[in-house]
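Peer 1: Here is how the chains run, residue by residue.
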Amino acid sequence: MPHTLYDKIWNDHLVHEQDDGTALLFVDRHLIHEVTSPQAFEGLRNSKRKVRQPSLTLAVADHNVPTTDRSKGISDQESKIQVETLEANCKEFGIKLFGMNDKRQGIVHVTGPEQGFTQPGTVIVCGDSHTATHGAFGSLAFGIGTSEVEHVLATQTLVQKKAKNFRINVNGKLPLGVTSKDVILQIIGKIGTAGGTGCVIEYAGDLIRSLSVEQRMTICNMTIEGGARAGLIEPDEKIFNYLKGRPMSPKGDTWDKAVEVWSNLNSDNDSHFDKEVSLTAEEIIPMVTWGTSPQDVITIEGKVPNPNTEKDLDKKSSIERSLKYMGLKPDTLAKDIKIDKVFIGSCTNGRIEDLREAAKILKNKKKASHVHAMVVPGSGLVKQQAEQEGLDKIFINSGFEWREPGCSMCLAMNADKLKPEERCASTSNRNFEGRQGRGGRTHLVSPGMAAAAAISGNLDDVRKYQN
Amino acid sequence: MQKFISLKSIPSYLPIVNIDTDMIIPKQFLKTIKRTGLGKNLFFELRYDETGKEIPDFILNKKPFCNSNILITGKNFGCGSSREHAPWALLDFGITCIISSSYADIFYNNCFKNGILPIVLNEDKIKDLSEYSNRKEEISVNLADQKIIYGNNEILFEIDPFKKKCLLEGLDDIALSLEKSDKIKCFENKIKNQRPWIFND
Ligand code: SF4
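Protein chains in written order, with our numbering: chain A, 437 to 903; chain B, 4 to 204.
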């Protein structure tokens, strides 16, 4: 029987399966951060359990860390306790940790791949919904809750039921200035935030294959915004080249053997997908979100919807609610939306290629005077690389702040946040009410679009700034 | 884990779709290292104004809904972040049963780990039940029979048998999995042979 990539990884990790389909799945890679792990360790301690395989878990502090000078530690007491609790737990249970002052520290979904901890064909979990990012490597990667984090620590397995197979094909070539962020925003707009519920999505098609590893990560990252459990892409040479020589990648003969195994990770030709959607790359235009759900997308040439033209009452009231929160009038042109802030960063778009893309647009240009703009690299290594390439200079010369790595204003748990009614063009992944600060208004865009918005002072078309 | 067997309560009806976990419990409350005490901050931005005063119109601030154990709500409830703080906050507030036409996957799973029963019903049935919230009348939920009783009516709901058993008996699923330690050990040995790079020690 032909199998999908998801089926194959699933079958390869089955420790046990009950008659009703409830399965115990082996977890090869477990990532933890400070926010969703303390209660899991507390649970272990209370029940006197150990971590079964400490070497299969990797910890990093990212959500709470300050992005300004760290030499004085964390001033927020609660954040400080949470980061210190992670340190103490890792020490007690023998887990490797990249602390706040480690060069390798970064957003967990940037650090994992960067270190070669993320590998094809593995099951990867983390107490974080954007774990789907790692699916770009052809691994089955998904977010879990804290009770499940505890379960993984104690047993190195997870209780799961199989999801459905959903394939999204994107074929063709992207027009100039259009990126993988626009592709995934368009996909979510098309399938809706619950469109992938109960499914694992495989992204396929020649456009997907043509994307770089980091661009693939952007797509898989936002899979959760389409409601799916996980998103994955067949691994290929690009993935193997990316991983080769990374600190935690296999070495020597083992590397050759690994590549041999990884090369067989694909969906069989006639495998069955429960659901399938196709997009044409040429038709994708730079996208922005107008509302408070990632499915609220329009093109940069479009306008904000008008609830009066919506017949479905639920949808109508939901549009009204979003417009009110966002402080927007129906039918406003996207390009007429004035912004106050720009945030470039997050596990969606905080990697080196994202910074290059934004810097390319910003080179020799200044941000609009009323805009406050910042760049938060996804990890210490991304920051270092960007500085070697002189990207920091470009950002600083355009009037951006150049910060230390972390989650930052993607969720505003640290000091970086929007004030009420402030409007932000952001390269992150969620535009929920209050996500970037109470009353804050978020428009999700690609890094190039964020740069264009910074220059113009309003949402704008990156294509007009192609250098 | 606490058991869920049956429940009788006046339901609260919150007719918003796509309620995300940021809305259920905003990030400033994720800095805790405990599971308890989050109830007062449940739906924080809907419940309190900028000065921290209760918004009197918000349903969970009103009597008798401030004592509801059942929340009826719009579709795709619990989307967004995986934070288990969301079910912890609901539980701490006193909500142990949610009724919606759909949930986000991770949130749905997290409920079961905390003794909360998330029930899936179609939109029509939800409209019927929401009337009981409007009229401030009790409804009953019985897990063993998979039944909701309201007025003279009954509806059956579906639930995964294993999840049902865990809830009814309040089972600790880590203990259950640890019973399979031998199988896990065997599996680990197999990996060491077939994919030696997995164990990077
Ligand atoms: S960058 Fe944002 S989405 Fe990514 S892990 Fe951090 S908080 Fe979550």
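Heads up, a few of these hints could be off.
[What the hints assert, rightly or not] Now the stretches of chain A that chain B is said to cover, found in silico as 3 or more residues with beta-carbon under 8 Å:
| hint | stretch |
| --- | --- |
| 1 | 587-593 |
| 2 | 770-777 |
[Claimed, not checked] As a list, the in silico SDA-like pairs of lysine to any residue whose alpha-carbon atoms are at most 25 Å apart:
| hint | chain 1 | residue 1 | chain 2 | residue 2 |
| --- | --- | --- | --- | --- |
| 3 | B | 11 | B | 181 |
| 4 | A | 598 | B | 193 |
| 5 | A | 829 | A | 899 |
| 6 | B | 186 | A | 489 |
| 7 | A | 508 | A | 489 |
| 8 | A | 747 | B | 47 |
| 9 | A | 751 | B | 124 |
| 10 | B | 78 | A | 734 |
| 11 | A | 760 | A | 743 |
| 12 | A | 527 | B | 11 |
| 13 | A | 527 | B | 166 |
| 14 | A | 444 | B | 133 |
| 15 | A | 751 | B | 134 |
| 16 | A | 484 | B | 176 |
| 17 | B | 11 | B | 104 |
| 18 | A | 600 | B | 172 |
| 19 | A | 444 | B | 194 |
| 20 | A | 739 | A | 529 |
| 21 | A | 532 | B | 125 |
| 22 | A | 687 | A | 821 |
| 23 | A | 598 | A | 700 |
| 24 | B | 139 | B | 124 |
| 25 | B | 37 | B | 63 |
| 26 | A | 765 | B | 48 |
| 27 | B | 193 | A | 699 |
| 28 | A | 796 | A | 760 |
| 29 | A | 600 | B | 48 |
| 30 | B | 37 | A | 488 |
| 31 | A | 598 | B | 35 |
| 32 | B | 166 | A | 446 |
| 33 | B | 37 | A | 529 |
| 34 | B | 43 | A | 514 |
[Unchecked claim] Stretch by stretch, here's where chain B covers chain A in the computed footprint (C-beta under 8 Å, at least three residues):
| hint | stretch |
| --- | --- |
| 35 | 537-551 |
| 36 | 704-714 |
| 37 | 815-822 |
| 38 | 832-844 |
These are calculated hints, taken from the structure and not from any lab test. Computed from a predicted structure; not experimentally measured. All C-beta atoms, glycine included, are put in the ideal place defined by N, C-alpha and C.
Peer 1: If a hint holds in the structure, say so; if it doesn't, say that too.
Peer 2: For each hint, the structure was consulted:
Coverage of the stretch 587-593 of chain A by chain B holds. Counting CB-CB distances below 8 Å, 5 residues qualify, and the rule asks for three or more. Remark: the stretch 770-777 of chain A is not confirmed as covered by chain B, as 0 of its residues place a Cβ nearer than 8 Å to a Cβ of that chain, below the required three. Among the hinted pairs, residue 11/B with residue 181/B is inconsistent with the structure: their alpha-carbon atoms are about 35 Å apart, more than 25 Å. Distance restraint check for residue 598/A and residue 193/B: the Cα-Cα separation of roughly 22 Å lies within the 25 Å cut-off, and the hinted pair is therefore satisfied.
Of the supplied pair hints, the one linking residue 829/A and residue 899/A holds, its CA atoms being roughly 23 Å apart against a limit of 25 Å. Restraint check: the Cα-Cα separation between residue 186/B and residue 489/A comes to about 15 Å, which is no more than 25 Å; the hinted pair holds. Annotation: proposed proximity of residue 508/A to residue 489/A is violated, straight-line Cα distance about 34 Å (limit 25 Å). The hinted pair formed by residue 747/A and residue 47/B fails the criterion: a straight-line CA distance of about 31 Å is larger than 25 Å.
In summary, the hint linking residue 751/A to residue 124/B is supported, as the alpha carbons are separated by about 19 Å, within the 25 Å threshold. Among the hinted pairs, residue 78/B with residue 734/A is consistent with the structure: their alpha-carbon atoms are about 23 Å apart, no more than 25 Å. For a cut-off of 25 Å, the pair hint linking residue 760/A to residue 743/A stands: about 11 Å separates their Cα positions. Simply put, residue 527/A and residue 11/B have alpha-carbon atoms about 46 Å apart, too far for the 25 Å limit, and the pair is violated.
With a C-alpha separation of about 34 Å, the suggested pairing of residue 527/A with residue 166/B is violated against the 25 Å cut-off. Between residue 444/A and residue 133/B the CA atoms are separated by roughly 44 Å; this puts the pair beyond 25 Å, and the hint is violated. A C-alpha spacing of about 21 Å is found between residue 751/A and residue 134/B, which places the hinted pair at or below 25 Å, so the restraint holds. Note on residue 484/A and residue 176/B: the hinted pairing holds, with a Cα-Cα distance of about 15 Å set against a maximum of 25 Å.
The hinted pair formed by residue 11/B and residue 104/B meets the criterion: a straight-line CA distance of about 20 Å does not exceed 25 Å. Distance check on the hinted pair: residue 600/A and residue 172/B sit about 29 Å apart at the alpha-carbon level, beyond 25 Å; violated. For a cut-off of 25 Å, the pair hint linking residue 444/A to residue 194/B stands: about 15 Å separates their Cα positions. The straight-line distance between the Cα atoms of residue 739/A and residue 529/A is roughly 53 Å, outside the 25 Å bound, and the hint therefore fails.
At roughly 46 Å between alpha-carbon atoms, residue 532/A and residue 125/B are farther apart than 25 Å, so this suggested pair is violated. For the proposed pair residue 687/A and residue 821/A, the alpha carbon gap of about 24 Å is at most 25 Å, so the pair holds. Restraint check: the Cα-Cα separation between residue 598/A and residue 700/A comes to about 21 Å, which is no more than 25 Å; the hinted pair holds. Taken as a hint, the residue 139/B and residue 124/B pair is honoured in the structure, with Cα atoms around 20 Å apart against an allowance of 25 Å.
With a C-alpha separation of about 23 Å, the suggested pairing of residue 37/B with residue 63/B holds against the 25 Å cut-off. Annotation: proposed proximity of residue 765/A to residue 48/B holds, straight-line Cα distance about 23 Å (limit 25 Å). Taking the CA atoms of residue 193/B and residue 699/A, the gap is near 20 Å; set against the 25 Å cutoff, the hint holds. A threshold of 25 Å between alpha carbons decides the hint, and for residue 796/A with residue 760/A the separation of about 35 Å lies outside it, so the pair is violated.
Between residue 600/A and residue 48/B the CA atoms are separated by roughly 35 Å; this puts the pair beyond 25 Å, and the hint is violated. Straight-line distance between C-alpha atoms of residue 37/B and residue 488/A comes to about 23 Å, which keeps the hinted pair within the 25 Å bound. For a cut-off of 25 Å, the pair hint linking residue 598/A to residue 35/B is broken: about 33 Å separates their Cα positions. Between residue 166/B and residue 446/A the CA atoms are separated by roughly 21 Å; this keeps the pair inside 25 Å, and the hint holds.
The suggested pairing of residue 37/B with residue 529/A holds, with an alpha-carbon distance near 19 Å, which does not exceed 25 Å. Under the criterion of a C-alpha separation no larger than 25 Å, the hint pairing residue 43/B with residue 514/A is consistent with the structure, at around 18 Å. With 0 residues having a Cβ less than 8 Å from any Cβ of chain B, the stretch 537-551 of chain A misses the three-residue criterion, and the hint is violated. Residue count for the stretch 704-714 of chain A with a Cβ under 8 Å from a Cβ of chain B: 0. That is fewer than the three needed, and the coverage hint is violated.
Given as covered by chain B, the stretch 815-822 of chain A fails the check, having 0 residues with a CB less than 8 Å from a CB of that chain where 3 are the minimum. Check on the stretch 832-844 of chain A: 0 of its residues sit with their Cβ under 8 Å from a Cβ of chain B, so the three-residue criterion for coverage is violated.
Of the hints listed earlier, those the structure fails to meet are numbers 2, 3, 7, 8, 12, 13, 14, 18, 20, 21, 28, 29, 31, 35, 36, 37 and 38, in rising order.
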